[in-house]
Amino acid sequence: MSALSRRRFLERGGRAAVGLAGAGASAAVALAEDAVADTGADRLVEQAAAQWAMLFDSTLCVGCRACELACNTDNELGRTPDEIFEGRPAEDARALAPSVFTYVTFHQVEADPSTAAFGKVQCMHCIEPACVSSCPVLALHKTAEGPVVWDGTRCLGCRYCMMACPFLVPRFDWDSRNPRITKCDMCFDLQGQGKPPACVAACPSKALRAGTRADLLAEAHRRIETRPRRYVHHVYGEHEAGGTNFLHLAARPFDELGYRRNLPMRSYREYTKPAMATIPYVLGGLGVALGALRWIINRRADVAAGGHEESQP
Amino acid sequence: MSRPPTQGLRLTPGLAILLVLAVAGLGLIAYRFAFGLGAVTNLSDGYPWGFWIGMDILVGIALAGGGFVLAGLVHIFGGHRFHALTRPAILTAFLGYLLFIFALMVDLGRPWNIWWALISWNHVSPMFEVAWCVMFYTFVLFLELLPAVLERLQWERAHQLWRRVAPLLVIAALTVFTFAMTDSLGWTVAVAAILAAWETLMRTGVMARDRQMPILLIMAGIMLSTLHQSSLGTLFLITDKLGPLWYTPMLPLLFFLSAVMVAPAMVIFEGLVSARVLHRRPELPLLVPLGRALPFLLAGYLIVRVGDLLFRGVVLETMRQTLATWWWWLEIALVLVALAIFASPDLVRRGRGLLLGATATVLALITHRTGVAIVGLDVPEYGRYVPAWPEVVITAGIVALGLLAFRLAVAFLPIYEPELEPGTAGRAPRAVHDHLTATPVRVG
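From first to last, the protein sequence lines are chains A and B. First residue of the first sequence: 1, per the working numbering; consecutive thereafter. First residue of the second sequence: 314, per the working numbering; consecutive thereafter.
The hints are simulated quantities; they were obtained by calculation from the structure and are not laboratory data. Just so you know, even glycine gets a beta-carbon here, dropped at the ideal spot from N, CA and C.
Derived coverage of chain B by chain A (criterion: at least 3 residues anywhere in the stretch with Cβ under 8 Å from a Cβ of chain A; other residues may be distant): (1) 341-348; (2) 355-364; (3) 383-391; (4) 526-535; (5) 683-695.
Build the full structure now, drawing on both the sequences and the hints.
Printed below as a string of structure tokens:
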């Protein structure tokens, strides 16, 4: 009789457990969604207003790539001018490499084959960066000043930042036994000394500007307003991926200039936040439920087996 | 009772093949550490994760899930008759996790920095959660496996000490874990208090203790595994490299459900295959009832998997002619095959049908996880990723190492219970436990 009742009891217990787990999970999700409803994203955008930022105006860019040379020199990336200028023009972020932190992309304008348009690829220095929120050990870090920087002493080389970055920016030394994650750090050291980033200082056509994000955002909107036929009416980076510290203006739709389109207007951290917020509910809920289930099931099995007590000392 | 509980060891052709694979894998691993990841993989800046993350980590962790599911079934849900299956499952899980950590060291670019995960906390990173779950669950598995070692060495006093200390270690570990994950003192105190309350109830005799395994150890295993299995899915929520058949906000739930689904299937698969290899009689009286859970688990998974596509309105994606789509159909077909087999009692009653169903279930899980980590990835700028042969050989070598370690462990540790006489399935384990716990244990 004991085997039969135990089985029936097991089934009932199993069903109860599944029900409980389901209820617990849905409650946890509901609570977690409440918890993340107020994300603090607005506060981050406010903070970013006073941070270092950059503005790239594609309509002023002449494609001379002086910024690439300056970046290469200042960051001691080791490429020769020949290597920089003789390379074939690229169209998208694939041109970034451990020794290439920035790249001017070249695009034929279909409507007017005699002209070219340029884009600039480098780290966007997101307000709430996907790479920073994904890094398990805080090796990538959004500084109070604005730039996103990498700390090699902590980095595990897990490359989760590369999976997370929607702009395909972080690079990895695939052929090194001590690989680094490399990307633009907005010349954090130079700016700390009060100087502009190397690429901005080198730009002969004033296509690049440095300043606070609030100033540059206002400037971008002023340019669109004063010359509405010159620009597409969109500041790339104002809202993309929750907003970035690197803003772009252009005369052509941005996807024609090699920029990733269809990006969400909220930060990528929001995608993992609800799941991460369930952790304490899962821990607490399971801690209560498993103990209780075990107590009840064990007790009932003992009673069913003839009142045999297992708990005597 | 005709055989000793350990299994003798002889060099067979099978073992020789495993040795060769392990040596080849280790050689390539040495090459990788000398010349970088690019020398042995097809990984790129567009596809920074590939075969290793898919197979070694996503699949490997899921297949090691038998440990927490069986331990829970036996010690929490009262399925004592399945006790004979728990030790092999826990050993598999422990070895699986050790191998997984080893494989991770191969995949990490700078593995010597791994200790930073202990002190440099990013509470919002799913990868941080994964790292901590791996560490803490491996520790819990080690504690769960310790009795087998202590029995073998016949260290009675150490065994008694383990009974008393293991729950305290678990409370300490989960308290630290909760704080690291939540950064909240309130939650940390709450979780510590809950665990301490159960332990107090058991020490004061209000609640019955488990005679073989501290309940807190089992609970910690389930809590960490639940988080761990689902957080592997959470990892992919932040990437936009996945196609619509594979990316869903439900990934954490799907990963958890599929891990629970594959646990009994893996125990069945292992039980049948290891019985054949070790020339033991398979524990059919236990494996067949275990299979009865599978129709429900498979159906539950299938409902969430397909329902999610319907709910998100991307069901027409299944009509495309792409590899990712075919891969999706393969996964669904395998789930359906497994469902059909386990829903037919006549097929399952025989070892062969049982093996077929379990294999289909395991393959379905492999298809889903590799779909998320490899096939479903699509970065238009970078073409397609196809694993390089050394990636496959290294994974095969690591699996071979694991199988060799398992073989060694069952040769020296009492992992399998003495073979059951037909018809005594429910009682034999009890008798063994009573024997093991013949000396009364005074606690608290």
